[in-house]
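A.B. asks: For the protein sequence lines, the chains are Y and U, in the order given. By our numbering, the letter at position 319 of the first sequence is numbered 319, and the numbering carries on one by one without gaps. In our numbering, each residue carries its 1-based index in the second sequence increased by 335.
Please keep in mind that the hints were generated in silico from the structure rather than gathered at the bench. Predicted model, so just to flag it, every value in this text is computed and none were measured. Beta carbons: idealized from backbone N, C-alpha and C, even for Gly. There may be inaccurate statements among the hints.
[Stated by the list, open to error] No farther apart than 20 Å at their CA atoms in a straight line, the calculated lysine to any residue pairs in the SDA-like style are these:
1) U:746 / U:1083
2) U:490 / U:1083
3) U:895 / U:850
4) Y:207 / U:955
5) Y:200 / U:731
6) Y:207 / U:968
7) U:1144 / Y:106
8) Y:207 / U:897
9) U:728 / Y:216
10) Y:167 / U:545
11) Y:167 / U:955
[Said to hold, decoys possible] Selected chain U positions facing chain Y (Cβ under 8 Å, derived; list incomplete):
12) 724
13) 727
14) 970
15) 1280
[As the list claims (entries may be wrong)] Stretches of chain Y that chain U covers, calculated by requiring three or more beta carbons in the stretch to come under 8 Å of a beta carbon on chain U:
16) 76 to 82
17) 204 to 217
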Amino acid sequence: MRTGILFFLALSITAVGILSGAEKPPKAAKTAKLGVKTPGVQIPLDLLKGEAEIPIEGGASALVFTRDAIFASTPVAVARIDPKTNKVSETFQGFKKPCGGMESAFDSIWVPDCESQMLHRLDPKTGKITASIGAGAGKAHTAIAASKDSVWALTDDKTTLSRVDPKANTVVAEVRLPAGCDSIAFGEGALWVTCPKESKVLRIDPKTNLVVERIEVASQPTSVDFGEGSVWVLCRLEGKVARIDPKTNKVSATIDLGIPDAEGRVAFGEGSVWVSAKQFPISRIQPRTDSVVQQFAGDGGGEIRTGLGSVWLANTKQGLVWRLDPKRISATLAE
Amino acid sequence: MSFATRMSIPAALTALAAPAILGQGLPATSPEFFESKIRPVLANNCFGCHTNTEMGGLRLDSAEALAKGGKRGASVVAGDPEKSLLIQAVRHADPGLKMPMGNKLKEAEINDLTAWVKAGAVWPAAAVVASAKSTDGKYVIRPESRTFWSFVPLKEVQPPAVKDTKWAKTPIDRFILANLEKEGLKPVRPASKRDLIRRASLDLTGMPATYDEIQAFEKDTSPGAFAKVVDRLLASPHYGERWGRSWLDVARYGEDDYRSLDPMRRGHNPYPNAYLYRDWVIQAMNDDMPYSTFVKAQLAGDLMEPEVRHKMLPGTGFLGLGPWYYDNGATEITRADERHDRVDVVTRGFLGVTVACARCHDHKYDPVPAADYYAISGVFANTIYDEYPMVPKSVVDDYTKVEDQIDLKQKMLGEIQQNQSNQLSQALAFHTANYMQGAWEVSGPQKKDLAQVVEARKLDYELLDRWIKYLEKPTDKYKNKEAWQAMLKKGGTAPESKRLAEKFQDEVIAVMLKRNELTAENKVISDKAMVGTKPKKRTNKPSNFVTNEDFCPGCNLRLKTLAEDQTAFWTEIFQRQLGESEDPAAMMAMGNRFGNPGVLMFRGWGLESRIGSEAQVQMAAMRKDIEEARKKIEPFYPYVHGVKDAEEPMNIPVALRGDPFNLGKEEPRHFLSVLSKSEPAAFSKGSGRLELAEEILAQPITMRVIVNRVWKAHFGTGLVDTPSNFGMTGERPTNPGLLEYLARDFSTSGQSMKKLHREIMLSAVYQLSTDNDATAFAKDSGNRLYWRAERKRMDAEQVRDSVLMVSGKLDEALGGPSAELSPSMTRRTVYGKVSRYKLDQYLQLFDFPSPNISAEKRFVTTVPLQRLFLMNSDFMQISAEELAKRAQAGANNRERIQKVYHLAFGRDPSDQEVALGIDYLSKEPLREYEERKKKAEADAEAKKSKKKPGPPGMPPAAVSGVTEKPAPAEGATEEVAKAATPEKPAAPEMPEMPEMPPAAAAEMPEMGMGMMGGVMPGGRRGGADAADVKYEATAWGRYAKILLSSSEFLFIN
């Protein structure tokens, strides 16, 4: 709880214009004691120029993509961002309290709603809710993912994983996971779930709905994504990213971010693993070397996603979504 | 006498002693006197003939009936035993009137009856035997039937006043104490904190408290310390595992049934997803699902509101997991038996009423007419097995599509093979004479070599061999072979054999053609009769068929057949050899259901090798195609074994005397008459399952039954110790007020099981010690008044789980498919397989109930095999070694002993215990060394004198293959340690393992020895895998095993 407050306090003092592109004198990183110590890796966030800064009313807690749009969940609605104009083109109502992330799959945007305890299915073109499934909704960070034939969601605070048939819009199975599991992702034909209390990542086989592996990782895994044939897991307590080889179900590398209590998110895309954590809104990991190659220090951090050729970073408190060019990020070097 | 044995004696006496104690000193006019002294005598000795049967015109089930009497007049004259025929009869005073028939009551029982009559023969209003028939034969529920104690509405009961106002902590205690004070008894002292937390932990989670937990509790002196413990335990996911299992006893949970032994020779096919129901029950307990939802989901989860339906579907496994029976006999009987199971488990499990007794006749004691049985049974007649996929429909469709294609191809392949086989056999029929002459050349006087004959006559070697054997085999089923065999007997000549062979060939062709003709005619008959009949697809699912006609359309048609002898003749030539008996069961027992093929019948490779290369290639291609498709198919998806309503629900008729072929009036589906306010309304929604569930939940008896089950699980005995029978023949509550209080509280406060546990466990009575009190014991040896806590032996699950836990090997993962119980299976016992046809032997050994029928309680037996299990089983050996390993970090043996005590008992050892341990650990390795040395010498001596060394002295572990290598005791020199391990002492010959008798072997093969490895004859053959026994038995391990086998570990104070 205390950590969360600190996090938001840190966010609240973030300057809105940091990434606006305006030329400002670079600020010295306040967090020199933290982060990766390899020379040249830590870069003041002020040096990074964003492509766009998109205000979202109430802030965006989750971002998903369709072929031609970005969708951001706000505290009460879902906003559609036009990537051509980098502006919110529409805001879709009908939600009470979107929570636990979103998923774009089966030509729909899937939005869990913590207040109505429904899993809403939104038509991305019309913005209409085409189905509301009484699956429930939990408070997990990223409570929803999709496999080739199903939508999976953590649908209560007892960590019930529900499997939804997108053709029938019904829950077809429920799997009870250990209490407190709070992030899911799909990859390599399996569902991957982080369980911070047990410091384990569960592998679930969608063919059987069974937990087939319990993989021990560093303490408190809280966020997971899949890419480059690996499962990437942000482990909060020691600020590490565990790389799991799905072929062996073993941790093949553990990458130290140097950020203890790294409340944040991990995402894969554009050839890199991206981590957003407090005081280090962007850490970039190169999968080839399993090392942090860039770490932008400064205020901010929140949801981070890649899509439509960009890196998208949400700052909930500031009510902003930043669009970043991954090539520009790579080219932004330490002084 | 072992401690365990001593413990069992009071328990065994309980049932005998309790009524006597409870009836002592009661006035003969009191209802309690009637219930404890009179009714049981009447019920056990008289009601069999003198209720509905009215033998001699006499009923003995109400005051009116007694006064009215029978043919001889009034049976009881109130106040005057001497004039009462009942008393004369039981005294055997009149030689012509001795009752009960062929028996005499005990003197005490006669005295009680006499006292009761003398006191006015008071028959309490609520105790009227509740059934009666009106003059027109229709069953009438008397108003007083509805006032039977367990049927009446729940009353609000105030806890009684007590003299000792300090002892009681909760209202429960006042009910208990009031009863004790009435008997002049006092509760014993409270349990020690260690005993209490251990008891609570085992009660709620099935595993003992750890040393640290005990320490923390002992140090916590706050008033709410125990409440904190209880809350922690109730929040543990292991709570659901413990209490879920307790419900699974009632639900007769099993993962297979006899039907799983597939008659189509596909082996043992248990229900693959049975665990989903088990996990659902565990989860429901952990989630503290309200009891009403819990009940409703199990009876009608598929019919519940759409918002919750998906959560409740696994609950329908209560009905969906059977037991189901084969569809291979009279389907009507099969279905009736299945319905009977459902009626029984539902009515006893939820209602505590033995409705199943009314299958063949009106219930003898309770007001349940047979019509009510069929009204409930009708609900289940319309409840059919169904599978609910737990994957999206697209997955199911993809699977089904490929599966259907495979089935189709398989069917085509089968048809092609059948056609090929028919064509081949018919073609071969025209070569009969040639083969018979060849046979004569081999078997007749010429005795030619078979190979030569084959060569000379251009015959098929195997076919000639078949003909020879066939022709030699005597038969009395037809006469066609007689002439040939007569000829063969006297030798015969070539022309004679040629003539007879040609005649026989004509007969073979004739019978073949006639049979073909009849088959064509029968097809026309069948096609005409079956117009519009679409046969149901044969699946491996249960309850697909309602009638035999449904199961086998057309099987009842009268089709044309050959004469009996010609049928037999045709069969032996074209189909299969006839055995001595044509009983299919006997054929199956012979291990070949279809028998050996007829002379001209070829299957499989025998067929293919005779039909030419082109056909061979064709069939090989088809087979390959099928194999490829099989490889591509996804693994079978998970699904719930549940139930659904029949599409067109219908009532079923009453089966007269229980015979499903002797049917009476159709009975609408409805609830039990006696539990309905008036004439029960017919169910109108589908099968009526949901309405049935709602009716059950509206009954006060339902609440009484469940709170009593929970109480019994905590205290060892129920307030009613017949937990599934709250009817006339069931026990009356020993503390009616308390039962009423608990039931009402439960029903009005959310039906929360956890709340009920909490309330019970925070009472002073739960927290009593197990101390004895001579006065109380003399009055109430069965402890039915709860003056102390009952010392209980751990049950099967507690023993295994606790041993695993203290050994540090317990895998605490929740849920998932079941596994065979074995030493290498380290999950909790609730995740072990539960087989209805072959229950695990370990479970049986420790009194696990049969999963074939709803179990109201677990009986406790004490048998020598239990001790042998603790001494010799691989499981105990391995666990003890693991426990010992956990203590090895200690600096010295004193510290290690202390650690083992912490782990096993949760306490420090006394100085004496430490000394004993050190003594054992220093002497045991040397003693073993001496024994081994002597044995090695004896073996060597025996070898010299060529005598086979016998098994005496061979430690059991060595016999079962365990490596014996005693660990050196602390301080033992390396030399001693080395010497203790004999240097391959002339490889002592292992005694031969006794051969398992064939019957036993037949039972074992698939199940393996499992947990019984190391105990049962046969060692661990086919049982525990190699990984199970990779350890070295050490002195420390044996020491740890002694502790794990002790009463302190295995009993719960």
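A.B. asks: Indicate, hint by hint, whether the structure satisfies it.
C.D. replies: Cross-check of the supplied hints:
no. : hint           : verdict
1   : U:746 / U:1083 : violated, 60 Å
2   : U:490 / U:1083 : holds, 12 Å
3   : U:895 / U:850  : holds, 10 Å
4   : Y:207 / U:955  : violated, 31 Å
5   : Y:200 / U:731  : violated, 31 Å
6   : Y:207 / U:968  : holds, 12 Å
7   : U:1144 / Y:106 : violated, 44 Å
8   : Y:207 / U:897  : violated, 53 Å
9   : U:728 / Y:216  : violated, 34 Å
10  : Y:167 / U:545  : violated, 50 Å
11  : Y:167 / U:955  : violated, 40 Å
12  : 724            : holds, 7 Å
13  : 727            : holds, 4 Å
14  : 970            : holds, 5 Å
15  : 1280           : violated, 59 Å
16  : 76 to 82       : violated (count 0)
17  : 204 to 217     : holds (count 7)
In summary, the structure is inconsistent with hints 1, 4, 5, 7, 8, 9, 10, 11, 15, 16 from the numbered list given earlier, while agreeing with the others.
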